[in-house]
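The primary structure of each chain is shown beneath.
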Amino acid sequence: MKDYFKKISEFLFNQLNSSEVLILNFDAEQTDFVRFNKGKIRQAGNVNQINLIINLISKHKTLRTSTRLSADFNRDSKPLANILDFLRREIVELPNDPYLMYEKSQSSTNKTVQNNIDAYLITDAIVDKFKLLDMVGVLSSGNIIKGFSNSLGQRNWHESTSFNFDWSVYSKNGKAVKQNYSDQKWDQNIFDRLFSECTQKLHVIDYKEQKIIPGEYKVYLSPSALNEIIDMMSWGGFSYKANKIGSSPLHLMSKGEKELNKIVSFSENLTNGISPTFHSDGFIKPEKTNLIINGKYNKSLVSPRSSLEYSVKHNAAEYYESPVSIELEPGEIKTEEILTSLKDGIYLNNLWYLNFSDRNNGRITGLTRFGCFKVSNGEYVGPINTMRFDETIYNILGEKLIGLTDNQQLLMDSSTYEERSTYNSTIPGALVDSFKMTL
Amino acid sequence: MDKDFINIVKTMLPKVDYCSMRFVNKYSNIINVTRNVLEPIIISEDEGVMITVFHNGGSGYGATSNLTKQGIQQAINSAVHWAEFSKEKLTYFPNLSEMKTQSGDYFTTEDKPWSQISMKDKTSFLMEINRALRSKSKITNWGAGIRYNSIETLFLDTNNSNIHQKISYLLPQMIVAAEHKKETQTRTFGGHAHARQTGYDIFDNINMIEKAKQLSEEAVELSQSPNCENKITQAVIAPDQMILQIHESIGHPLELDRILGDERNYAGSSFVKPDMFGNYIYGSKCLNVTFNPTIQSQLASCNFDDDGTNAEKQYLIKDGVLLRPIGGLFSSQRIDLDYVACSRASSWNRPPIDRMGNINLEPGENTFDQIISSVDDGIFLETNNSWSIDDKRNKFQFGCEKGTLIKNGKLTNVVKNPNYRGITENFWKNLSKVGDINTHKILGTSNCGKGEPNQTIFVGHATPTCLFNNVDVFGGV
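These protein sequences, in sequence, are chains B and Y.
Count the first sequence with our numbering and you get residues 1 to 439, in order.
Count the second sequence with our numbering and you get residues 1001 to 1477, in order.
I should point out that these hints are in silico values taken from the structure, not numbers from a laboratory.
Virtual Cβ for every residue (Gly too), placed ideally from N, Cα, C.
Any given hint might turn out to be false.
[Said to hold, decoys possible] Each computed SDA-like pair below joins lysine to any residue, with the alpha-carbon atoms no more than 20 Å apart:
1) Y:K1273 <-> B:D413
2) B:K78 <-> Y:S1044
3) B:K61 <-> Y:K1120
[Stated by the list, open to error] Covered stretches of chain B, going by a simulated chain Y footprint (3 or more residues, C-beta under 8 Å):
4) 38-50
5) 57-70
6) 87-94
7) 160-171
8) 361-375
9) 406-420
Using the sequences plus the hints, can you model the full thing?
What follows is the structure, encoded as structure tokens:
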């Protein structure tokens, strides 16, 4: 595939005149998707897709289009030449782009991790293991490729093979245990261990449901649950532009008027190599950007466009200016002693369907879901009814934060809208006092 | 698609119990002007095919953007392999004898075709709207955009079905924000609601410049307004909020694949159980909800779904009583309930699942003035800006951009951050008045997410203004 991308790059670049620059973004995946319900296969199949974004730059103007490729040069070459002609015809009609910026320093990179993952074997292992359980979920498995080239000579390539099995198992009382196993190589021993943990948790969620009423509770937010809160913070919270125009939920922090707890430090950390390090216009991203240090807003993610609009230095953030690989530093609470630390409260394994109820003040609403338990005297009492919460970021990670766990968890985004995501986060759990449940 | 190529492809259909081919060509064009600057224009062509095979108790699909003969053959091989592999491992295998041969077409009418308006004219129009949005000094952010999508589908199967449909829709969008004492308030148009099957002629019916000026004034007014107070009250809900209420608390819970558990790991299930159809009181007697693919220009109108089922209008809820789910032919076979033509896929690279099409609340007999004048103490809620509901679609909370208090039958002061929460099973029983055809709007949202693998699809909702009793409303911090 890399050779094919090189071939079409050269084909297009050879047609340019001296005043033109062309940027290409190559995006491909070959994925087997297997959907499960009731421990059996619901839908199974294979998707093979290649997408190419062609961005023509000419005299301070820019116009781009994306198209699908077949990976057959005889079929693709003519439509690609037609697209270039179309871009040339249309671009003259457009005004100059005052925020146009692209990499000119030719920073080429190459990262390829290829493994042999057999979706049929994995599916057999899954169906065999869950044949007596009410399991529902999805397996996504195969190659993900991101490539960049420009007519100035830069080449970047990021290719990996991976799987992501995201599932939940339901007990007869309608409660569920949610799990995820994602990696670049299937290890049956790890899967066996996760299955064993799942069956143990299923035993606990079969306890009598504990009815929770609206009020304030001491809660433990597991890394998955806390990740949902951090996802909401990322809706503009770390964006330079969103903070300038006032749509950021952290704009009061960025203006120095609010702080989080001193133990809270966030960074955009790309050192795990899961997300590509190159920007869609060719800029190489820094390995680590400290966003919040010891509770204080430090830096935003700044895209090249924002850098020109606001006359600031950019840090190669994409145009949406959201983290793709966020890390929250761990704390000191012993993860294995979390039930003792919680003592009396609610253990929140997952949160669901979050949204803002007052964006200006960072207030978020959402619901409990999957394996949330009442805990008394450091012991599981039973699963809780679904509850709605409504609480501010400044309380959850600020005044009411008791502590963070000493272990972080790597969470791979299982999202597959349009294509498989390469987003991820590394997050500890959080112990929070007086967490407000409203319905 | 080239007819000669299609004829060649037809000869490639494998000898199996059933096979379908669904070719999709999607064209998208997004133009945004933000703070008077044209953002990079997005033009995308997305073309590919999905082959679906049912054979000998197994099923599988293969999808590819490689539309060479070899590429299609590889997709067929993938579909056949997965069908062989999944034999006796499936949650269910459909009764193929109920599938009918279908032929026909459907095309959106574009009186002013998108392709015939120059890019220069479109961007100039958006620049003009930007200037109107910036008409007040306290405005801190503004922008306008147009999203155009055209989706052409060709469906062929081993029953000799041949369906050709081309749906195109357009979504105009505006945003304007004003800041007062470090508090930003935003008004929008179009964002979640105003998508229609139409061409550029949509702008003959919407005065975007006047609307922009109005939104600008409202954003400034909101930024200086008090927070909505907390109370249980009567709420009059405008169509651009009603559509989210219908979508989240009627549309999703009635999706049959949720009820059957397919979505429990992601989008969730439903409080609705199979034995509730035909007898469950979903709402007050003035609640009438239809699955209606027949309204011209509504977002999800069509003649067939993506499994080739003929699309017809059906009542889901009549006089408050729950009648049938939103389930396609295959889902209905799993539980022996009526079906509607709602099996839809976001594109060639995702398999069809149960989806809302046009889910509409039928108009009643009350004028807007009659509704407002009937309220002694309440609130008028406009334009959704926040939505959240539990995985069984029961406990919801919605936020709106603008609230206007109603006192003694009259609209009075504006309040900011109006939110309300409730429980679906109770909420619709408190539907007290339904607006007439003059309050009725044909709207639609283009971003409904669901499914594993994930899919985003466009759905239509037509609704009048409605009045609800006993609504728990509250404001911001």
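Practice task
Quick one: which hint numbers does this structure break? Sort them smallest to largest.
Solution key: The structure conflicts with hint 1 only, although it agrees with all the remaining ones.
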